[in-house]
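Peer 1: Chain residues, written in single-letter form:
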Amino acid sequence: MNVSRRFVLLGTACAAVVGAVMTTTPVLAGSAVGSDAESKALLLRMVRVMYPHANFSDAPYQRSCEAILGAANKSIGQAVMFGQGMAELKAAGFAEMDDAGALAHLKSIEGTDFFQLARGTVIVSLYNDAEVWETLGYEGPSFDQGGYLNRGFNDLDWLPDPRITEL
Amino acid sequence: MSTIANDEAAVVIIGSGAGGGTMAYELTKAGIPCVVLEAGPFLKPEDYENDEWAAFGQMAWLDARTTSGSWRVAKDFSGLPAWLVKAVGGTTTHWAGATPRFLDYEFKARTTYGEIEGATLLDWPIDLAEMEPYYARAEDAIGSTHTNGRSPLPANNNYKVFANGADRVGYTRYATGPYGTNAEPYDGRPGSIQDGFNFQGDKHTSKWSTAVREIPRAIATGKCDLRPESQAVKITHDASGKVDAVLYVDEDGNLHRQAARIVCVAGNSIETPRLLLMSDSNRFPNGLANSSDQVGRNYMRHLTGSMYAWFDKPVRMYRGETMAGIIKDEVVNDPSRGFVGGYYMETLALGPAFLAAFIEPGMWGPDFTNMMDHYSKMAGMWIVGEDMPQATNRITLSNSVTDQWGLPAPNVHFDDHPNDVAMRTYAYEKAEALYKSVGAIGTHRTPPYPSTHNLGTCRMSANAEDGVVNKWGQAHDVPNLFISDGSVMTTGAAANPTLTIVALAIRQAEAITEMMTRGEI
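Protein chains in written order, with numbering that gives the first Met the number 0: chain A, 0 to 166; chain B, 0 to 520.
Using 30 Å as the maximum straight-line C-alpha spacing, the simulated BS3-like pairs for lysine-lysine come out as follows:
| hint | chain 1 | residue 1 | chain 2 | residue 2 |
| --- | --- | --- | --- | --- |
| 1 | B | K74 | A | K106 |
| 2 | B | K470 | B | K233 |
| 3 | A | K106 | B | K376 |
If you are wondering where the hints come from, they were derived from the structure by calculation, not from laboratory data.
Hey, can you work out the whole structure from these sequences and the hints?
Peer 2: This is how it looks when you write it as structure tokens:
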């Protein structure tokens with residue numbers, strides 16, 4: 000299932016995107032909205048402030064940014080809305096804000112369709128990323144490795160082994 | 000597999016999950032030919048994915064649905080009121096496997112709890128004594144651990160935290176089951192390899208589902224005509240008011256008519272009332288079997304809520320069975336707690352993908368990422384308790400939204416009853432105390448997920464004016480129409496519903512067989 004489908008299901012702004020799916024990617028001046036280097040850097044900064052993990056590299060965030068751009072360019076309506084949001088982020092000087100200021104700024108725009116498109120997309124892409132799983136200590140698919148029967152399903156050793164049946 | 004002609008009046012079963020799949024096996028085993036109409040595809044264990052979102056996209060019921068009411072699901076997941084499966088096996092493909100029985104007082108909710116303002120409580124027309132032999136048969140079918148000599152599942156990491164906490168706060172009734180996953184080989188299926196991913200279908204088939212047991216066995220009788228990707232859209236009736244056929248749409252959008260001698264509807268508590276409401280006619284202008292105006296009403300979803308707690312040491316809750324721990328101490332009716340009815344606490348583990356989406360929908364920022372950073376040190380439990388039936392919590396047909404076939408989408412309206420709110424708050428406090436007793440450095444109260452337990456909407460009642468079906472699941476208004484799923488639940492009890500759905504289906508299949516033998520239907 001692609002990210003935008005999940006966003007439709009999960010996002011609070013889903014009504015805005017249902018029925019607006021286009022078969023072609025709309026373009027502004029020959030390229031998809033938000034795809035220039037400056038916009039991508041700004042979007043990366045926004046996503047890192049939105050979901051700050053000190054030990055994540057830029058790579059999974061960048062993959063989430065690509066997912067946002069994919070969702071944003073699904074329709075003319077989305078692209079126009081998204082382009083406006085990016086322009087306003089730039090105009091507010093978001094790129095130059097420190098972490099606290101950037102967080103406060105995002106808080107001030109969290110009710111906008113622009114923010115919710117980004118948030119609703121990142122939440123289903125950033126944590127569905129194999130590199131992120133590894134960083135968080137999640138081992139992913141297990142069946143092909145024989146499950147966890149011999150790979151630590153019961154290796155917790157800082158509590159006593161409890162009984163498993165009722166008395 | 001047998002082929003039954005469209006003009007041959009057969010027993011037609013709509014749905015192949017816990018109820019429909021069990022009906023198909025029990026009836027065909029008794030020599031009765033059945034057509035099984037299943038809206039989804041026949042996914043096999045080799046098709047299942049060890050990946051949360053990929054599996055969700057593969058099997059979740061994603062047809063158009065709408066929501067209303069004050070429940071948070073309507074805000075956070077407005078198009079996804081319930082987390083159900085559209086595939087052969089229905090939601091048994093997805094279920095985690097807990098199999099507690101209902102308790103006797105839970106079949107007598109109105110008598111036990113008394114008059115509760117705003118609640119439409121009613122006693123079931125059956126009780127535990129009548130259900131006990133069927134519960135035993137259902138447990139044997141499912142292979143429930145801890146019952147009839149079957150081995151318990153071992154303690155996984157999540158259970159170790161849960162059970163030690165239970166002990167420290169004074170609970171005594173905790174165990175790793177009963178669960179519908181084999182601890183050791185049973186019934187031709189292997190013991191668990193603790194691979195997790197129960198919610199995604201179990202590739203190893205240690206977990207019971209009708210897709211791996213009842214449906215293949217029904218087909219093996221030579222009496223079952225299973226039609227996947229065949230969605231029932233209308234039940235028709237003859238001049239006498241008996242149902243005579245089911246119209247269904249195949250994967251290519253072609254409409255078919257299957258003649259029916261008996262129809263058993265098992266589409267879960269959203270699709271079942273939707274189908275009855277869509278089956279209106281001049282004779283039944285408010286929908287089929289709806290002279291009581293009870294079709295769609297008293298929708299219940301269990302209390303639910305989750306508690307995630309994190310520690311300064313590793314837990315790795317995702318290793319092993321998704322759900323394999325249960326505390327029963329709070330399943331009593333003790334109004335001094337501030338609410339009627341009880342609740343179970345059950346271990347639950349999600350991967351990072353689902354945890355991020357569900358731990359606190361809509362949340363972002365450093366407090367959110369702090370929780371996610373503790374993923375490998377996190378333990379989790381689910382709270383599942385009895386919610387109050389309310390006439391206004393109901394499934395209706397949308398006036399504005401249609402599905403891919405142009406049929407009205409179901410709207411799911413839900414408001415918490417004050418009893419639900421009081422129980423949830425109390426349960427969260429108890430869950431926090433449990434985890435803090437074993438050293439939790441942080442906890443989070445996760446709100447209910449899209450509903451996995453969908454109950455009521457065609458409730459069983461002694462009197463025809465109070466409900467939709469009688470004690471056999473037979474429609475009060477239409478003698479050859481049966482409801483064979485959790486829709487018939489008069490009240491929800493605290494227990495996970497699948498075992499009871501299976502037990503009711505075994506009992507109903509026996510009753511139908513006898514009624515057919517006697518020539519009554």
